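Asks: As you go down the protein sequences, you meet chains A and B in turn.
Just so we're aligned: the first sequence equals residues 592 to 898 in the working numbering.
Just so we're aligned: the second sequence equals residues 2 to 249 in the working numbering.
No lab work stands behind these hints, which were simulated from the structure alone.
Possibly wrong hints are sitting among the right ones.
The calculated DSS-like cross-link candidates involving lysine-lysine, where the alpha carbons are at most 27 Å apart (straight line), are [claimed, not checked]: (1) Lys20/B <-> Lys728/A; (2) Lys21/B <-> Lys718/A; (3) Lys728/A <-> Lys94/B.
Quick caveat, the model's predicted, so the values are computed rather than measured.
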Amino acid sequence: MIEAINLTKRFGNLTAVDGISFQVDEGEVFGLLGPNGAGKTTTVRMLCCLISKSGGEARIAGYEVGKDPDSLEIRRLIGLVPDNVGLYDDLSAYDNLDFYGKLYECTEEKRKANIQRLLTMLGLWEKKDVLVGTFSKGMKQKLAIARALVHDPKVLFMDEPTANLDPESSKTVRDFILDLKKEKRTIFLNTHNLDEAQRICDRIGILNIKLVAVGTPQDLERSLSGRKTVITLKEASKEVLAALKQLPLEDITVDGNTLTIGVSNPEEQNAAIMEAIVKAGGQVISVNITSSSLEDVYLKLVRRTDS
Amino acid sequence: MKLSKSWVIAAKDFRTFRKKRNVISSLIVVPLIVAILIPLVISFAGHRNGQNGIPATELLTLLPAFAFFYVMIAAYIPTPIASYTIIGEKVEKSLEPLLATPTTDGEILLGKGIAAFLPSLAAVLGGSALFMAVMDLVTRSKIGYYYFPNWNTAAVMFLLAPLAILFSVELNVIVSSRVSDVRTSQQLGALTVLPFAALYVSGELNLVDLGSLSNLLIIAGVLLVVDILLFFVSRATFRREEILTKWK
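With the rest of the complex left out, here is chain A (with noise of 0.2 Å):
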């Protein structure tokens, strides 16, 4: 659905985007990751053909961004969600998405019943006449979220969704969207919060100008550190420790009686390491297998690229 080949984008010197590739299937959530200023606003702009690219391609739906005609295509089949709601105050919450709903050029029959849904779904059909200025952030975000969608786009963009929601609010913006993957649509997400792109994304993106890595939650957290193996012992003697050290294994700390060895391969690597630790008579307690979380992998990931 989503296509993007060497994608770049440079103001003046500065290089905002720097050659990124990635493909987004029909249905799936993307989540690109990054820092502030990592790139990831500029990537949704390209993307929904609002600002130009410097190089590369990029196809939502087969047409092509940055080509006249397909422009104005894309931007018939996506919703975005700007990091800035941009919603009109003087005006209530039904008016602005009846504006938008005008403009994708909605029949009024579908409009009303979009918007009726839409509202009703974000806890905001009570307040759809209500002018948009004394709403709450949280409430403008949902409703920000409603005008997106009021066009049932095939494709969604969302910059930021739940940045400066408090924690309430934020989750009710994950449980929509959570809502809106059930329904199949294609999400693309820009967050900073990892807990959410966990949560959310079927895939994830990491971006720091260029992008990083791209995998699901859990490849990620594989990918770089590997898995880890945890075995608490009844005592941690000299004689299991050395017995260890003979094994090809990445790496052990020893916290007391606890064990943490790396792994790549904990499955195979797990039954030597136990025969060993028998063999030199070590007696075990436990063995958990854990991974390093997804913030680990974004930190090393993001601080490799800074370097």
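Use these hints to put chain B onto chain A, whose structure you have.
Replies: Leaving out everything else, chain B in the frame of chain A:
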């Protein structure tokens, strides 16, 4: 380019303006004051030392120039509203979602233009109708007939005034695309009145005969050409990328 989309944008702006007291008052106050003040001045002037007011012959040279005053008003009046249509979107940060819709730059600009043009035209025509009615009441006894309406004022009100409004709207769109706050935009936009003020002064100094229909039509022709050129300039000035990346 779809006119229906421009109309949707204009209709939205009309609804927004209705709640902006400063925009509404700027539309009403100036034409109203001029419509009442000038006839009052004419009515009370020239009564000192037992004189019987302004003589009829002088009135007949003054009245066409006063009618031209409404062209100046036409050039001034769209400034607050035209500045607001673009800068207002800038301030509310609502341009990004608007630009993300399948709407072309031409449709957006035309919508903004209609939103500024129609209320201004209504205000100028309403104000000038009142001015002509009051002026007729004040001057009929002197000149023996109702001076207004006539072909000259028809040319002024239905040709020159709309073209002057269009001129002002387009210049204001250009200015609004370049500055970032409403006040600066309005101050620069108000300068659109200068060429018309120069014409008015030329009329008062008898350098240009503003009572001549053919002169008014020539001025209208020149203004039409300028308006067409300004339309292309305003379209070229309205650059999406700059709006999104440079407007703060």
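Asks: For this structure, which hints from the list above don't hold up?
Replies: none
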